[in-house]
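Going line by line, the protein sequences match chains A and B.
With the working numbering as the guide, the letters of the first sequence map in order to residues 1 to 170.
With the working numbering as the guide, the letters of the second sequence map in order to residues 1001 to 1166.
Keep in mind the hints are simulated off the structure, nothing from the lab.
Quick reminder that beta carbons are idealized off the backbone N, C-alpha and C, glycines included.
Some clues are possibly wrong.
[What the hints assert, rightly or not] Heads up, simulated BS3-like pairs for lysine-lysine below, C-alpha to C-alpha not over 30 Å straight-line:
no.	chain 1	residue 1	chain 2	residue 2
1	A	Lys158	B	Lys1114
2	B	Lys1094	A	Lys152
3	A	Lys92	B	Lys1094
4	A	Lys94	B	Lys1098
5	A	Lys158	B	Lys1094
6	B	Lys1114	B	Lys1098
7	B	Lys1094	A	Lys94
8	A	Lys158	B	Lys1098
9	A	Lys158	A	Lys94
10	A	Lys10	B	Lys1094
[As the list claims (entries may be wrong)] Here's a subset of chain B near chain A, in silico, CB distances under 10 Å, partners left out:
no.	residue
11	Ala1042
12	Ser1043
13	Arg1044
[Said to hold, decoys possible] Cβ-to-Cβ under 10 Å is the rule here; a few derived chain B residues that face chain A:
no.	residue
14	Leu1041
15	Asp1045
16	Thr1069
17	Ala1073
18	Ala1074
19	Arg1078
20	Thr1081
21	Asp1082
22	Arg1096
23	Lys1098
24	Trp1164
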Amino acid sequence: MGDDIPNEVKSWIDQVRYEENTEFPVEMGYVWTTCASVENGNPLFWDEQAAREITGGQIAPPTMLSVWFRPHLWVPGRTKQSQPLQLHFDLKEKLGLPEAVMTENTIEFHEPVRPGDRLRTRQILRSVSPLKETKLGMGRFWVIEVEYLNQKGEFVGKESYTGYGYRRAA
Amino acid sequence: MTAAAQTSAKAPLTIDRVKEGDRIPELAVNVSATTVILGALASRDWRPMHHDRDFAINRNGTRDIFMNTPNLAAWFERYVTDWTGPLGRVGKMKFRMKDSIFPNDTMVFRGVVKSVSTDAAGCAWAEVHVSVSVGEKMCTDCIARVALPANATDNPWERRGNRWKP
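Bound-form chain A, shown alone:
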């Protein structure tokens, strides 16, 4: 495995690689299930009046940003399973690195996400490192950004993932 990054992968840097619409509108059922899963009693999510007074209406917990773009496990007619963060899997394949872990995740929150919103995401590769050896094996770090917009084109947030793709040490 040489240190040259394939030209195809280099050409992805700073380009929008995937632009996708979420498969269903933001809805409170998932909000409440998420709040229940972490015992989050914040009245912004449970008390409509409090939400109206403080945030101008119901909102979803900010950290649910990525929840809205994870595809259904199955939909009629789909023959290939859809992957969240497809760019991450593309990098594994093109760089010949069968294993990968996420090491860092930064989320920035802008306009609140509200029930009924239909979000759009853009996946952008920001960088790929030279080959590096870690305790996991030999591989590369990469940084993927995901931008989130709502149906009005308002910026609702941005995520940055640092992934490490590697080949296990023999």
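The hints should help you fit chain B onto chain A, whose structure is shown.
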């Protein structure tokens, strides 16, 4: 509404009541298989290592199913906003994942205020370092930048555009 949220709703945590070095009360949670699976499915994460024990052990080489990162983010948000109350608005979170959390672990969240500042738009910010540990093992740490009311009449949720710079 949690007791913390009720308290904060009555007396919102304003920035003048926060200073560097303040500690957020610890939160200890006993993790069950249900905690892990409910959290994974609530965050629409269908990957088997978060619900299938055989897969986690035999394919991932872990000792059991383990919590997924998006649900852990929801735990961190809950921990921070239990402290701030509903007027606290999280602007940014940065996570570093180091180790996994499994059923039968007791995970403990701890937080400390690292800095307090006001930006050019007048938005008051607290930077909080939060971690979740199991015993001596620190599993994930998080730097959260959270906006707090600058005074009794301020509401960070009303900030938009150039007035919101997380």
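Hints the structure fails to honour: none
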